Amino acid sequence: MDLNAGPEYKSFREKVVTFLKENSHMAGKGRTPVRPNQDELEWQKKLIENGYAARTIPSEYGGFGAESDVLKSRIIAEEFSQSSIPMGMANQGISMLVPTLLELGTDEQKKSWISKTISGEVIWCQGYSEPGSGSDLASLQTKAIIDGDDFIINGQKIWTSGAQISDMMFCLVRTEPDEPKHKGISYLLIDMKTPGIEVRPLMTMTGHAEFNEVFFTDVRVPKSQIVGKRGEGWYVANATLTHERGMLGDPNQSATRLKEIIDLMQQETVNGEKLIDNPVYLDRLMRLQARVLSMSFNSLRLLTASHKKLDAKMAKLIVKLNSCQLNQDLAGFAIDLLGELGTIYGKSNHDHGSGKWQWKYMFDLGLIIGGGTAQIQKNIISEAGLGMPREPKPMAEGKK
Amino acid sequence: MEFALSEEQEILSESVRKMLEDNIDIDLLRNHSKGDDVIRGNIRQLVVEMGLPGILIPEEFGGSGLGVLEAALIAEEFGRYAVPTPWIGNSVMAPIALLYEKGNSLSEKWLPLIASGEITACVSLTEAVGKRSNAGLSSKDSKVTGTAIFGLDGELNPRIIITVLEDNLILIDTEKPGVTISEIPTIDSTRPVVEVVFDSVDFEIIPGGKDAIQKTIGVGRVLLAADILGASANMISNAVEYSLERKQFNRVIGSFQAVKHMCAEMAADLEPCKSLLWYAAYAQDNIREEAALLSCHVKAHLSEVGQDTARTSTQVFGGMGFTDLLGMHYWFKRIGLSRQILGGPEKVRQEAARLQGFLS
Ligand SMILES: Cc1cc2nc3c(=O)[nH]c(=O)nc-3n(C[C@H](O)[C@H](O)[C@H](O)COP(=O)(O)OP(=O)(O)OC[C@H]3O[C@@H](n4cnc5c(N)ncnc54)[C@H](O)[C@@H]3O)c2cc1C
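Read top to bottom, the protein sequences are chains A and B.
Numbering of the first sequence is given in the numbering used here, commencing with residue 1 and proceeding in unit increments.
Numbering of the second sequence is given in the numbering used here, commencing with residue 1 and proceeding in unit increments.
A portion of the hints provided could be inaccurate.
In silico DSS-like cross-links for lysine-lysine, where the CA-CA straight-line distance does not exceed 27 Å [said to hold, decoys possible]:
(1) B/Lys176 x B/Lys131
(2) A/Lys110 x A/Lys259
(3) B/Lys347 x A/Lys259
(4) A/Lys347 x A/Lys308
(5) B/Lys109 x B/Lys247
(6) B/Lys18 x A/Lys313
(7) A/Lys193 x A/Lys116
(8) B/Lys247 x B/Lys18
(9) A/Lys274 x B/Lys347
(10) A/Lys393 x A/Lys356
(11) B/Lys247 x A/Lys393
(12) B/Lys140 x B/Lys176
Cβ-Cβ distance ranges computed for the label pairs, FRET-style [as the list claims (entries may be wrong)]:
(13) B/Glu289 x A/Pro279: 54 to 62 Å
(14) B/Asp308 x A/Ile145: 46 to 54 Å
(15) B/Glu21 x A/Met26: 52 to 60 Å
(16) A/Pro279 x B/Asp22: 43 to 51 Å
(17) B/Gly318 x A/Asn278: 24 to 32 Å
(18) A/Lys274 x B/Glu21: 29 to 37 Å
(19) B/Asp22 x A/Asn278: 39 to 47 Å
Covered by chain B, per the in silico footprint, the following chain A stretches (three or more residues, Cβ under 8 Å) [said to hold, decoys possible]:
(20) 274 to 287
(21) 295 to 308
(22) 318 to 331
Don't read these hints as lab results, they were simulated from the structure.
From a predicted model like this one, the values you see are computed outputs, not experimental measurements.
Even for Gly, the Cβ is constructed at its ideal location relative to N, Cα and C.
Construct the complete structure from the given sequences, taking the supplied hints into account.
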């Protein structure tokens, strides 16, 4: 353990603080499932130029190209969170596709996509889940057959977040129907404007359509759009899934929420008493604060491990499960703090921010389910982390 | 910047763990709980031979001059093996108290004796955390009278007692007349706590006032949290191990998803505590402005997680968990004691709130 920051870091922090002071008026409101507008693209560009987004992506692919440095990343995250300014864009393309391409893409693919993706110019969606294949993703049925220089795709995806605003999809399809289920899948990059793709938004419990159904009818995709080899898509996707779990487990989001809650408690009064002066609420606040701190130190531990190229094992396996639940608990606490006002979900004079918390409270439930449900996470933790037996295969599966 | 244990720290942990693995088992805990004094002496001997009592004591006084993080790593191992020997009071809180102000005569006199293992020190700071109606000290004519309760590490005829009198830490030499020490029977037989009654006894003030009291309590809380971490980790790994042996319905119970998920939940809750502990322990020596807050958080949080772990892991064993045969209850109870000593979770969280200026 050595958390000492040299003078270099002190001046680095000052630089970040100054940047935020001078530029925060440009910052957007953060991660909404809508396409970034011109202002947000400008902001993202500024963040990359200054090394506050795409920090370690090589500059040949449009990133800032810095060496990975645990402390600097933390300083950036802390200062952004302190000033309640969202970090750079975080979407599925940036958080999942880009790391996958860096790891497994061809040179050509890296050059074509990384730069446009991190800048926000190209928006991606993730086409994995299907009506019959959710937790059991490897059973997916959307087919791709070879025809000349193309794959021809037929089938359906579901729960595809952001498909309605996306330019591209990274998608899993079955290319080798005769192979065992994990070995018959390929990973393709598909242009959403290709004829034969139909996107139908699905309304969710939040009252918005955060995700979609996507139908494929004879959709032609050039063979060069495959990442990894034919039949290796499952392994490519798994590289991506780890990144997704990293994205969903971002501890800075929890820290920012906690800070917003403290602000709320210091402002809001009931019977003339500030919420922050209520010892029962304070006890809940302190419990949540301890969890937020634990997860943010856990993430420091992960950063150090990844910097040293060590496998952090359990410390990594628990992130998605813990962070998604923690975030929802924070949102739930904010709603409780607001009490009756906390139920308001729409335009009202009495809305003291509850709409935002209600949306988070519901959407977080989606995140607890999406990207591998809480139960699937517990299977993984017990099997990969604790060495307990894998789930038994049901008899029917032998027939496939 | 590096958020990981150093190689030396890993080695320290491993060597302590190896020593305990070789010497401590469930029979020993059981015999110890029946009041076997030979066992107490033997374990103490092993710990002294490894030089552990001097871990925080500067080299000039015969110790190894390491930090709170190292002491916490040892506490974690002591928790893992439910080691029945003085540690947190004698080897950690007493030196922290005596070292609060450099160059005082008390530290010159007593620290070498603690480091060498010649004496033990008992520490009772309950009075500074929560005053009770039938305890507490008062002084008259430079003599102290009254009762200090929940003294840690008072089971081996401690030569000195460190406790609080109003806004100061005081030290009492038990060779002076008027000191009576008796064990308080708690659930945790692995870590005896004592009541010390003073009848007009000489005492000396340890310099540092209120700040020294707070610092000593803070470090004590971090160490109790470390003990809970080790005890909880042991309960989980024993539960998992048992679940891979015990069969019902022709399969190991660890293949039932309900059992897997119990274990996964415990592991998911406990793992981040390790990082919280490292940070909190490191802060005690290196980040002064965060030290007190982090000691509150780590103590309260591990108390909650430890309690859940103790309950859930016991259930993984079924009826066996409830018996004395496997002895998992030693850890269950040890966690139960640590939760209350130096402030239960609600009390400690209230302090965490106050430290941030939230409570008027
Ligand atoms: C907000 C949100 C956004 C999403 N975005 C995308 C996206 O962009 N792209 C995409 O491809 N997918 C997306 N998904 C889909 C998501 O990955 C799936 O919903 C998820 O993997 C679960 O699959 P399912 O919905 O079919 O549920 P099921 O697999 O049918 O699960 C139903 C219940 O059964 C339990 N269960 C299933 N199998 C097991 C098991 N082996 N052990 C124990 N319990 C089990 C589950 O935990 C759950 O409680 C999104 C989902 C949500 C909620």
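So which of the earlier hints does this model not fit?
2, 4, 5, 8, 10, 13, 17, 18, 19
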